[in-house]
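Peer 1: In order, the protein sequences belong to chains A and B.
Each residue of the first sequence is one higher than the one before, starting from 3 at the first, in this note's numbering.
Each residue of the second sequence is one higher than the one before, starting from 473 at the first, in this note's numbering.
Do not take every clue at face value.
DSBU-like mimics (lysine-lysine), calculated; alpha carbons at most 35 Å apart, straight line [as the list claims (entries may be wrong)]: (1) B:Lys-637 with A:Lys-141; (2) A:Lys-74 with A:Lys-34; (3) B:Lys-756 with A:Lys-64; (4) A:Lys-74 with A:Lys-20; (5) A:Lys-129 with A:Lys-34; (6) A:Lys-120 with B:Lys-727; (7) A:Lys-34 with A:Lys-120; (8) A:Lys-64 with B:Lys-637; (9) A:Lys-102 with A:Lys-120; (10) A:Lys-102 with B:Lys-517; (11) B:Lys-756 with A:Lys-20; (12) A:Lys-199 with A:Lys-242; (13) A:Lys-199 with A:Lys-129; (14) A:Lys-34 with A:Lys-199; (15) A:Lys-34 with A:Lys-11; (16) A:Lys-121 with B:Lys-756; (17) A:Lys-102 with A:Lys-243; (18) B:Lys-756 with A:Lys-120; (19) A:Lys-102 with B:Lys-756; (20) A:Lys-199 with A:Lys-121; (21) A:Lys-141 with B:Lys-756; (22) A:Lys-20 with B:Lys-637.
Simulated coverage check for chain B against chain A, where a stretch passes if three residues somewhere in it have a Cβ under 8 Å from a Cβ of chain A [stated by the list, open to error]: (23) 638-648; (24) 655-662.
Some chain B residues near chain A, calculated using beta-carbon distances under 10 Å [claimed, not checked]: (25) Thr-567; (26) Gly-651; (27) Ala-652; (28) Asp-726.
No lab work stands behind these hints, which were simulated from the structure alone.
Quick caveat, the model's predicted, so the values are computed rather than measured.
Think of the CB as a built atom: it goes at the ideal place given N, C-alpha and C, for glycine as much as any other residue.
Here is what each chain is made of, one letter per residue.
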Amino acid sequence: MEEIKLQIKDLNVFFGEKQVLHQISLNIPANKVTAIIGPSGCGKSTLLRSINRMNDFFEGMKVEGEIIFDGKNVYAEGVDPVIVRRRIGMVFQMPNPFPKSIFENVAYGLRIQGWRNKKAIEEQVIKSLQAAALWDEVKDRLYSSAFDLSGGQQQRLCIARAIAVEPEILLMDEPASALDPIATARVEELIRSLIEKYTIVLVTHNMQEAARSSDYTAFLLLGRLIEFGPTNQIFTKPQKKETEDYLTGRFG
Amino acid sequence: MIKEEGLKRRYLVQNIWFAIFWLSMILIAAVLGLILYFILARGIKVINWEFLTAIPRRGMTEGGIFPAIVGTFYLVLGSIVVSLPLGVFSAIYLTEYASSDSPAVKAIRTAIHCLAGVPSVVFGLFGLAVFVKILGFGVSVLSGSLTLGIMSLPVVITSVEEALKAVPLSFREASLALGANRWTTIWRVVLPSSLPGILTGLILSVGRAAGETAPIMFTAAVFYARRLPQSIFDPVMALPYHIYGLMTEGTRPDKQVPLAYGTAVVLILLVIAVDFIAIYLRGKSRRTRKW
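Okay, chain A solo, but in the shape it has when bound (with noise of 0.2 Å):
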């Protein structure tokens, strides 16, 4: 049996009256990549979002249920969900570094924890941008604008600012979704590298991609799970009929 680095249990999710999310369980293993399904608008990324609190910025958002990370639900009274976040990092759909300089980007979430030895800093900068396969292509201008890479390597320079602060679990949403097909490689090959250090949830709603890069498949239709289980599984013997017609395209 594999360790379970988070589990979800009975999450609802409410924005105002609307009902997103409905009694989802589900339990994240430790250092795979576990994708999310599922047609637009079915609350993927709200479940996504959910776990690290990026909901909490909606206003008239309402969880029941609990999100249990390293022991504590991340949604109990007392929890700071500044101190989640920083365990719990997040690569969003579109690219979207900071107006600063490549260095200054990596380095951002180590100078907001009060990192202040230059060349510690740059150790893990340089560390990050190696771990997210960057380096050979920017440590010639780490002091350029971050505008001026292309759209995949600004992706990649998120994902090496998201580890830069060393978190456990790395959210993804829809990461390679604005990314042509070469970029789309490199960051699917780049996620693969990842879970040795880091657990991985992936948002997507390109079903080859999560046949690609993930071990474990969610299925979500209208804000309910419909079926999980390992990737492989998923898409050769689905159980369920939904799941089924979902991965044949007979709706999308």
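Here the structure of chain A is known, so what remains is to put chain B in place on it, guided by the hints.
Peer 2: Here is chain B on its own, set in the frame of chain A:
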């Protein structure tokens, strides 16, 4: 089948409307040109080095406007000191912290819009009552700066709000997702990204404050000061008020009117220069930002 006759008529209608748009544009450009032409034509001949650097002499019929330039500079500087922090802080509160639905915030926004519509002479009377009399600052740079600063606040707040709103949500999300709290996010990401916009708004409001007569009439300006202000409690001469004085006081209009036009030239050029700085800053930030 399309009737050729109808098609021709529609083209004619289109051309007439385009001509109307074009004419209005030309009219506006012409008005601007005429203002500049008449002011420059009447004022430029009195402008020389002495006019810019000397103090007025012989009951303001000779000499220069140096004290008025210095006074306007002090008043503008003072009004920035008042309106910048207040304006930036309240704009941050309104855009970043306050929930836009709350009745209190709606009331504040309405109040800001109303403040923007208050005639400047009313601000002058307010400054006279509160700063000059009640707080006892007297007719001084301090009273004038506070009055001008408060008058500029609605413009400053609105333009800072616009600048803050122009910072994409994705920057904020990236920062928050890295475990920054809201203040860190504002301080390290939102403010640096919006700085050019904030400066542009500030400079435009400064240009407006520099040209105002009414708010400083009772609070800061005098027709003639024998010396430059030594402290913020001294009264000052100021360019717009100097024009007003030259045109309404004194007994030698033949000598005073050209001086008034000369002063107007200096004032206009100053305001235009300030606006160009704002345009330059905005252009620069548009070139460097790519979001």
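Peer 1: For each hint, tell me whether it holds in the structure or not.
Peer 2: Hint check results:
Proximity of B:Lys-637 to A:Lys-141 is assessed by CA-CA distance (about 34 Å); at most 35 Å being required, the pair is judged to hold. The hinted pair formed by A:Lys-74 and A:Lys-34 meets the criterion: a straight-line CA distance of about 21 Å does not exceed 35 Å. A threshold of 35 Å between alpha carbons decides the hint, and for B:Lys-756 with A:Lys-64 the separation of about 43 Å lies outside it, so the pair is violated. Restraint check for A:Lys-74 and A:Lys-20: the C-alpha separation of about 27 Å stays at or below 35 Å, so the hint holds.
For the hint linking A:Lys-129 to A:Lys-34, the alpha-carbon distance of about 22 Å falls within 35 Å, and the restraint holds. Taking the CA atoms of A:Lys-120 and B:Lys-727, the gap is about 67 Å. The hint is violated against a cut of 35 Å. Note on A:Lys-34 and A:Lys-120: the hinted pairing holds, with a Cα-Cα distance of about 33 Å set against a maximum of 35 Å. This hinted pair checks out: A:Lys-64 and B:Lys-637 have alpha carbons roughly 26 Å apart, not beyond 35 Å.
Between A:Lys-102 and A:Lys-120 the alpha-carbon distance is near 17 Å, which keeps this suggested pair within the 35 Å criterion. As the CA atoms of A:Lys-102 and B:Lys-517 are separated by approximately 50 Å, the hinted pair breaks the 35 Å bound. Between the alpha carbons of B:Lys-756 and A:Lys-20 the distance comes to roughly 45 Å, so the proposed pair goes past 35 Å and is violated. Restraint check for A:Lys-199 and A:Lys-242: the C-alpha separation of about 33 Å stays at or below 35 Å, so the hint holds.
For the given pair, A:Lys-199 sits about 13 Å from A:Lys-129 by alpha-carbon distance, which is consistent with the 35 Å threshold. Straight-line distance between C-alpha atoms of A:Lys-34 and A:Lys-199 comes to about 10 Å, which keeps the hinted pair within the 35 Å bound. Our distance criterion of 35 Å between C-alpha atoms is met by A:Lys-34 and A:Lys-11, whose separation comes to about 19 Å. The straight-line distance between the Cα atoms of A:Lys-121 and B:Lys-756 is roughly 33 Å, inside the 35 Å bound, and the hint therefore holds.
Note on A:Lys-102 and A:Lys-243: the hinted pairing is violated, with a Cα-Cα distance of about 49 Å set against a maximum of 35 Å. Between B:Lys-756 and A:Lys-120 the CA atoms are separated by roughly 31 Å; this keeps the pair inside 35 Å, and the hint holds. For the proposed pair A:Lys-102 and B:Lys-756, the alpha carbon gap of about 16 Å is at most 35 Å, so the pair holds. Under the criterion of a C-alpha separation no larger than 35 Å, the hint pairing A:Lys-199 with A:Lys-121 is consistent with the structure, at around 23 Å.
Distance check on the hinted pair: A:Lys-141 and B:Lys-756 sit about 28 Å apart at the alpha-carbon level, within 35 Å; holds. Distance restraint check for A:Lys-20 and B:Lys-637: the Cα-Cα separation of roughly 27 Å lies within the 35 Å cut-off, and the hinted pair is therefore satisfied. Counting residues of the segment 638-648 of chain B whose C-beta sits closer than 8 Å to any C-beta of chain A gives 7, which meets the bar of three, so the coverage hint holds. As drawn, the segment 655-662 of chain B meets chain A at 3 residues by the rule of a beta-carbon pair under 8 Å; at three or more, the given contact holds.
For B:Thr-567, the interface hint is violated, the least distance from its beta-carbon to any beta-carbon of chain A being 14 Å, above 10 Å. Taking 10 Å as the C-beta contact cut-off toward chain A, the hint placing B:Gly-651 at the interface holds, the least distance being around 3 Å. The closest approach between the C-beta of B:Ala-652 and any C-beta of chain A is roughly 5 Å, which is under the 10 Å cut-off, so the hint is satisfied. Violation of the interface hint for B:Asp-726 is found here, the shortest Cβ-Cβ separation to chain A being roughly 59 Å, above the 10 Å cut-off.
In this structure, the earlier hints numbered 3, 6, 10, 11, 17, 25, 28 are contradicted, and the remaining ones agree with it.
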